[in-house]
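J.: Now for the letters of each chain:
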Amino acid sequence: MKTLLLGMGNPILGDDAVGIRVTERLGRRLGPVPDLAVREECCTGGLELLEVVEGFDRLIVLDSIKTEGGRPGDWYRFDGTALRETMHLNNVHDANFATAMELGRQMGVHVPDDADIHVLAVEISENLTFSDRLSPEVQAALPDLIDEMHEEILTLLTRTAAIPRRHVL
Amino acid sequence: MSRKISIDPITRLEGHGKIEIFLDDSGAVEDCYFQIPELRGFERFVVGRPIEELPRLVTRICGVCPASHHMASAKAVDGCFGGEVAPLAVKLRRMYYNAHYIHSHIAHFYALAAPDFVLGPDADPAIRNVLGVVGKVGLEIGGAVIASRGKAQEIQRIIGGRSTQDIWCIPGGVAKGLRTEELEQIRPMVAELYDFTQFSLQLFRDVVLGNPTYLDIIANGPYTLDVHNMGLVDERNAVDFYDGQVRVVDFEGEEICRYEPHQYADYVAEHVEPWSYLKFPYLKQRGWNGFVEGIDTSIYCATPLARLNVADRMATPKAQEGFEEMFSTLGAHPSRMLLAQHWARLVEMVQNAETLQLYCDDPEITGDAFRVIPQQVTGEGFGIVEAMRGTLTHHYTCDENAICTSANLIVGTTNNNAPIQMVTRKVAETLIKPGTDPDQGILNMIEMAFRAFDPCYSCATHSLPGQMPLRVTVRRGGKVTHDFRRGC
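The listed protein sequences derive, respectively, from chains A and B.
Under the numbering used here, the residue at position 114 of the first sequence is numbered 114, and the numbers go up by one with no gaps.
If you count the second sequence from 1, you need to add 1000 to reach the numbering used here.
Each hint should be verified, as a subset may be incorrect.
Unchecked claim - Short derived list, chain A residues pointing at chain B, Cβ under 7 Å:
| # | residue |
| --- | --- |
| 1 | 12 |
| 2 | 47 |
| 3 | 99 |
| 4 | 103 |
| 5 | 107 |
| 6 | 110 |
| 7 | 126 |
| 8 | 129 |
| 9 | 130 |
| 10 | 157 |
Simulated from the structure, these hints should not be mistaken for laboratory data.
Note that the structure is predicted; figures quoted are calculated from it, not measured.
C-beta: ideal position from N, C-alpha, C; glycine also.
Isolated chain B (complex conformation) (with noise of 0.2 Å):
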């Protein structure tokens, strides 16, 4: 039995985040917890699957970055069959990422970041989004961001079939490969997207570089962390999106250790909080220690600056010189300041696009023989890529007729949980002090602080209105002082 309504649902959505902060008796932050909902069962959903299936169905688990689950899986898929994969497959399969990334960077870097630096952070946050950034930069780089984002996404669909919802890659290969044809409608789109890629980074240096204000709050605002960092790297230990040995160094430098998608168990654990459904991910070989920072601490970001700073080099040439211009101006390598996250997107997007240019000539790339027939069912699988949140690793078994008997998951923000939450207490902190009133000034600080690491919990979840509410509660000796709320 259905019943249509007449009233407004918008005022009263649900499903909304949560930032709890409590405040002592002299009105300084005692405690602050950033909770928001959860998916849950996905590891259970999959089991008494066929394995082959996965790679399909995990591209729900996530509307964001659906492309990084289903190579995740894909890559753990293949292991269940033995491991061969075609060497022609692998490329493409790069391919693949490469225009995906540029995809998703450019989209969080125009809508997400820029707001807070072309406009401010203490922009009215009326005009504080994407409208507000074409209003001061001009329609002509709204219209060239909304072009470029279409051509990575167009390069996708021509190489997997599909921008979205991927079904192409299938155990020892994909399922189509890329005719000479298309690869001629490729080119001239990957010319224009790696000119892009130079644009944004020249929009960087002009709005953010070129301001003090902007530098000194990415240098010596509270956004910065002492933990450490994960992500891939190549044998000559440059960035890697695809593949590699997942390699986790120190904030000053050091390594601490490097290991293969097969041991993941053996290097990252998960803590459990009686407050929140999602675990924290920690370095397992030091033991949790607790939300704190020091070169002592078990936690570490999976990050696009926590994978520039794991890495020796960028892999392409220009992406090298953006690295290079990027810790040096921040002073360090690696870098603890985490809005740097920002320009270490656009770096990324460098290479990706460099990347891209280089299939482009490759002769090899055209030809058919993108798939190995998988022989045989081994029945243990691991997957690991660089999701753009960070490391994303897929774990799978099966049984001797490739039923699924077990997934797991770790995501690219799950990594990030501990430090997420460690950057909102400290932005609470620093703002927050006996005397001051908090207003809704905090949201947006805090936000910026939690928007760095473009967080993705419930993303696959699309009810209405599509974006993540946000209430902030303060409390003060059991009584609620303060509750700003945001789309809830």
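With the rest of the complex left out, here is chain A (with noise of 0.2 Å):
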């Protein structure tokens, strides 16, 4: 399966760069892939993602997230089928994630299906004040989290075809 690894975030947003940093360590580490191709750095969204993914059979995002009482440096793992329940809300500016996926495929836009989309997304503390650092507790916990989600990775890397799932592991 052709696969695309993205790292999305803005890079100069503190720790909202955490799936930049991570995506850039684990490239160097996965090295080459037959199929898999990695983006260190996407700093779009809405319907731009489409010319982003298109053409690969499979997606993993490394992202950043904020929850409520979450704590900086966990991680969570859910698929494409988990933010489809978000699709029918609009961005204030463009398609959300779930809405672009569905129009690209309804355009008959090759775009990976929901089942084999792979969300990886950290618990960030600072994501709105901008500085090029990432803050003490994400820091602290990225050479953890790189050797976790390297072995997801892999995990991921041996399916060969989607598994329907509703969310999380």
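Using the hints, put the two standalone chains together into the complex.
T.: The structure is reproduced here in structure tokens:
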């Protein structure tokens, strides 16, 4: 399966960059892998993502997330079906991720099935103040995050077909 | 130490926008506040960095209008080096920006505005999105939307080397010119984009103008404000997106002031409210008079409609036809009807497509004099462009080694902060009356108001799910009586 490993975030917005930082390191650790493309930095969203993921069978997104009561440095994994729950909600500027993917499918654009979109999201502390540094909590978690996500990605890459699930391991 | 969590995080996302509505004892709206998480500290972040880095850094401020920041920043940096720019570079920058405008306006119109009009403002929220639009108007149109957006983006890539996170503008010009073979790649795409702008205008005529209910919402709903208008104009008072003077016109059509970029601080000041991190710009010479409508207000809009309101004309013929049709239908120029923003975007798309055509036929456009090497550091620069969402101002200073010593930005949405607050309150007051029970419907009616401004608050933040969750809380007598959530 042609797979894209995508680091999402803003490189100068504190912890928002964690997806980029992890993808940079994982890309180096993974080395050349057949049918795997690595895009370390993607700072866009909505309909523009269609152009980024077009042509791939599987998408692995490394991103940040902020939840109520979440502990910075923890991480979550879910797939495109979880994002689909928010599909009918408008983004303030554009379509959201799931809507963009669904629109692409309806238009005949080759994008991964929801079950082949895997999101690995790191709980973060600060993403409203411009900085080129991660918060101490997220920085401290980085070595473990890389080890654990590396293992997770290797497992995902061994899968050959979509396994439809709702969400969450 | 990290920890993998096995619960569903989507149900408890943070970072949402908040609308707080306070009711009096009778159940009427007493107060209403719209609050959005705001990005902070960019001005501090860039101090101490080489000034020529700023046009590359500012593209990270906003994931939606990076090209606007890139252009405004480039102009401010040009100023820090004496202000001389290769004339060909100005043409190429304008050309790039024309393509970016089309790209952005297509996304806004079809993904955000069209659902309310094609499907109706009271349509089931489950289908009121771009997928619903495609379902109603046909897959073919959906394909055309994606293809046209893609062409506009490809034109940017060909001209500037990249389509996002631009690195192309450099002091005195641009880093690459346009080769003849690249121009020939662009030319057919420009023709197709022009056709698409005409198609979009016709769709608007058919779907919106052909429906008296929608026209009534635009003209007679709570979506009007008696505040002033701001936008860039050229020497003929025609709409200009890249350069010119900032013109401010009141809602009755009288010019209040006009200023050059370096004079912005004499004309615009920012008011602070204790309940918001975001400032509220106002016309400085009138002083802050509060969130009030009327001819004496100091509040202004800087939006697509405001740009057309301050201009006497469009810069190109087909766009001028659209301008005349629009204001004649609305009944006045300028117009106070905020939902006409969507129509104004379509007229602007036409001007951008026509301008692109003109540049494609410019025999000098493939020249190689696309940069003037700066010879001096003069230490201060101002850059103003029209971002899609409003007038965007960058002001920098640097030391003799061209190291940034200060930066001040007034972004498009900040200009509109006060009118957004005011229209949010106005819609709430209209919908929530004593004896009526607020429901989920108010969410979309309020959203229609601020969506017209296409507000751009924390758009550079990409933490999942890449959209703005929203919470509306209604309080009465200190107690929460209603709590509506969307995505949070």
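J.: Indicate, hint by hint, whether the structure satisfies it.
T.: Status of the hints after comparison with the structure:
1. 12: holds (5 Å)
2. 47: holds (5 Å)
3. 99: holds (6 Å)
4. 103: With Cβ-Cβ at 6 Å, under 7 Å, it holds.
5. 107: With a minimum Cβ separation of about 5 Å from chain B (threshold 7 Å), the hint on residue 107 (chain A) holds.
6. 110: violated (13 Å)
7. 126: Given a least distance of 10 Å, the restraint on residue 126 (chain A) is violated.
8. 129: holds (5 Å)
9. 130: Cβ of residue 130 (chain A) sits 4 Å from chain B, so the hint holds.
10. 157: violated (18 Å)
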